[in-house]
Amino acid sequence: MSNKEVKTALKGARDAIRNKEYKEALKHCKAVLKQEKNNYNAWVFIGLAAAELEQPDQAKGAYKKAIELEPKQLLAWQGLANLYEKSNQADVKGDLADVYQKLLELYESGDKQKWCDVCNKLVELYHQEKKYLEVAEAWQKLIKMKQEEGAEKAELHQLWKKMIQLLKDSTENQDNQTEQSLLTAFEHAVNSADTIPGEDHQNLYKDFIQCLSKFPHETARLEKACNDMMALYPTLTYPLEVLCLHFIQSGTLPEEALCCFSRLLEMDASSGPGIIGFGIKCLQEKKYQEAVKSLTEGLQKTTQCPAAWYYLAEAQMKIHKHKDAILSCNQALEALGTPEGPSLRWKNLILQLKAEALIKVADADAAEEAIKALEQIVDASSDPVVLAIRGQAYLKKGLMDQASKISEELLLSHPELAESHALEGFIHYSQRNYEQAERSFLNAIERKAETAEYHQYLGLTYWFMSDETKKDKGKALTQFLKAAKLDSYLGSVFCYLGNYYRDIAGDKSRARGCYKKAFELDGTDEESGTAAVDLSVELGDMDTALSILNEVTEKASTGTAKWAWLHRGLYYLRTGQPSQAVADLQAALRADPKDSNCWESLGEAYLSRGSYSTALKSFRKASELNPELVYSIYKAAAVEQILGKYENAIATYQQILKKTEDYVPALKG
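Letter 237 of the sequence shown, counting from 1, is numbered 237 in our numbering, and no numbers are missing.
Keep in mind the hints are simulated off the structure, nothing from the lab. Bear in mind that the values here come from a model prediction, so they are computed numbers and not experimental data. Among the hints, a few may not be true.
Below, computed lysine-lysine pairings styled on BS3-like, alpha-carbon distance capped at 25 Å [to be verified]: (1) LYS4 to LYS23; (2) LYS7 to LYS30; (3) LYS144 to LYS131; (4) LYS214 to LYS224; (5) LYS37 to LYS60; (6) LYS562 to LYS617; (7) LYS11 to LYS72; (8) LYS448 to LYS287; (9) LYS27 to LYS11; (10) LYS4 to LYS60; (11) LYS141 to LYS93; (12) LYS621 to LYS658; (13) LYS153 to LYS60.
Sequences and hints are given; from them, build the entire structure.
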């Protein structure tokens with residue numbers, strides 16, 4: 001076959017392909033290859049025809065042969081790209097990317113538009129495969145090409161925005177290079193916008209700041225972006241809110257942070273992050289109740305802020321609302337999700353605080369939960385303070401051996417730590433080894449004199465210590481006063497001061513003041529509430545007694561606060577108000593249906609009211625619960641006598657006289 005015949009055969013193949021006669025085209029090509037086995041065009045045409053005849057392997061082989069012969073010619077590469085694009089096989093994606101890369105090389109010095117088309121296809125392919133780093137590299141090359149071509153600012157702006165769209169899902173992959181490319185795209189897009197300030201630009205800036213806030217190590221960039229946006233949009237609260245939340249989550253509050261909180265609240269008094277920030281400022285200034293109020297209010301508006309929940313729990317611990325603090329810690333852990341990096345530090349802090357709160361709740365189940373919380377702390381075994389808390393949890397659970405083991409280890413490894421000595425003190429105190437406890441608490445106070453709890457326990461140690469200190473409770477008083485001065489929210493220490501002034505100093509007025517304070521701080525402290533009421537009655541101050549009882553009964557749910565209902569019921573009984581007495585004594589019995597004295601008092605109230613049948617039932621119930629209550633048995637007989645049931649009454653009187661021969665009321669009856 002002559003050169004002329006080869007050309008004719010190739011023309012025939014081209015025409016056949018144009019006419020979709022692909023088998024005919026193959027015949028022409030095979031004829032050419034018999035004469036010239038390395039004919040580039042013949043191999044390309046075989047690739048084309050085989051692809052159309054759905055013979056992909058043959059087509060691929062033909063294109064590859066052509067590429068082997070002429071690697072810098074475009075046709076075979078284009079054909080191979082078309083073949084791969086039509087393929088449904090997943091494994092050709094990598095090969096297609098290689099083909100596109102080669103086409104970019106070949107187009108680079110020639111057809112710029114085709115280079116851009118292929119680059120777009122390559123980026124789309126990488127994006128489907130979630131290869132964000134490759135997406136970023138390819139798109140940056142495209143933008144560079146456009147810049148060299150002298151593209152308009154508006155076109156470049158759209159390209160940077162497109163890059164943001166392509167990379168915005170990559171933030172979960174935590175690849176630093178891709179992350180930097182995304183942030184660079186944002187910076188270029190923000191700076192190349194047409195209308196500044198304008199609505200589109202504002203939304204783009206918001207997205208940029210939101211993206212920055214996902215990267216904990218980009219704090220400097222985040223602060224700059226927020227400040228730049230505030231300069232452009234001074235009436236917009238968004239950048240200021242993000243900046244405030246950033247400071248809250250950072251765990252450090254420089255002067256700049258406090259200025260941000262104030263500025264945000266001036267712009268929007270109802271802003272969640274602003275109110276939270278004010279709450280944290282109150283916490284720092286030791287205004288704990290204000291802190292709790294503000295943090296609670298702020299968190300109703302901005303719930304997903306783990307640090308704020310932690311600060312709320314911390315403020316609640318300071319005012320000894322331990323159960324509230326546990327709930328806040330749980331909210332903090334929920335908001336934290338699965339922590340990584342800086343969030344892990346928060347998780348450890350929250351779990352430690354939760355364990356401390358659970359220990360203060362002081363029951364075995366709470367202690368068990370505290371131990372579980374401590375087990376979740378990363379590197380807990382290397383932190384002596386966490387170990388001391390674990391020792392306290394074991395002690396509360398009654399696991400004395402484990403608590404003692406931790407105490408011994410801590411005293412050897414960290415004798416300089418107040419917590420080591422305090423744990424030893426708590427163990428000795430629980431075992432009533434008061435002299436050893438005294439030594440331990442003094443050591444703890446020497447190392448950390450500002451801890452109210454250490455002074456309180458040293459005071460209790462002196463209170464129970466020996467006959468000598470029992471006579472002279474001065475040492476105990478000194479420690480209780482120190483504890484109360486260091487922590488004015490520590491209700492229990494005011495109860496102990498009340499005990500001192502009532503039982504030792506005989507100062508009822510001062511004792512009443514201490515009990516009242518203790519009860520105001522802890523409404524569940526029945527001992528203090530009861531003592532405050534009793535002393536008010538003794539001092540003839542019924543108004544104070546009633547105001548305490550009224551406050552408790554107003555808040556009490558059914559079946560609770562028996563002591564308050566009982567006290568007020570007895571007051572009404574004494575002051576001739578039997579109907580109110582009946583209502584209150586019934587409420588007391590809902591809390592404790594087996595209190596025989598309460599049934600007896602209820603009988604008296606019914607009797608005063610003239611409700612004889614119900615009075616009789618109440619007295620009978622009292623004597624059933626406690627057969628030793630002679631008075632109830634006598635009153636039952638007296639009521640039967642009033643009701644004209646004389647035989648029953650006589651029988652009951654005789655029953656009393658069998659037990660107590662000289663019981664005068666029964667003899668009279």
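Now for the hints, and whether the structure bears them out:
About 22 Å separates the Cα atoms of LYS4 and LYS23, which keeps this hinted pair within 25 Å; it holds. With a CA separation close to 13 Å, the supplied pair LYS7 and LYS30 stays within the 25 Å bound. The suggested pairing of LYS144 with LYS131 holds, with an alpha-carbon distance near 20 Å, which does not exceed 25 Å. At most 25 Å may separate the alpha-carbon atoms for a hinted pair to count; LYS214 and LYS224 meet this at roughly 15 Å.
With a C-alpha separation of about 17 Å, the suggested pairing of LYS37 with LYS60 holds against the 25 Å cut-off. At most 25 Å may separate the alpha-carbon atoms for a hinted pair to count; LYS562 and LYS617 meet this at roughly 21 Å. Restraint check for LYS11 and LYS72: the C-alpha separation of about 23 Å stays at or below 25 Å, so the hint holds. A C-alpha spacing of about 22 Å is found between LYS448 and LYS287, which places the hinted pair at or below 25 Å, so the restraint holds.
As the CA atoms of LYS27 and LYS11 are separated by approximately 12 Å, the hinted pair is consistent with the 25 Å bound. For the hint pairing LYS4 with LYS60, the CA-to-CA distance comes to about 28 Å; that exceeds 25 Å, so the pair is violated. Note on LYS141 and LYS93: the hinted pairing holds, with a Cα-Cα distance of about 21 Å set against a maximum of 25 Å. Simply put, LYS621 and LYS658 have alpha-carbon atoms about 21 Å apart, close enough for the 25 Å limit, and the pair holds.
Pair hint LYS153 plus LYS60 does not hold up; C-alpha atoms about 42 Å apart against a cutoff of 25 Å.
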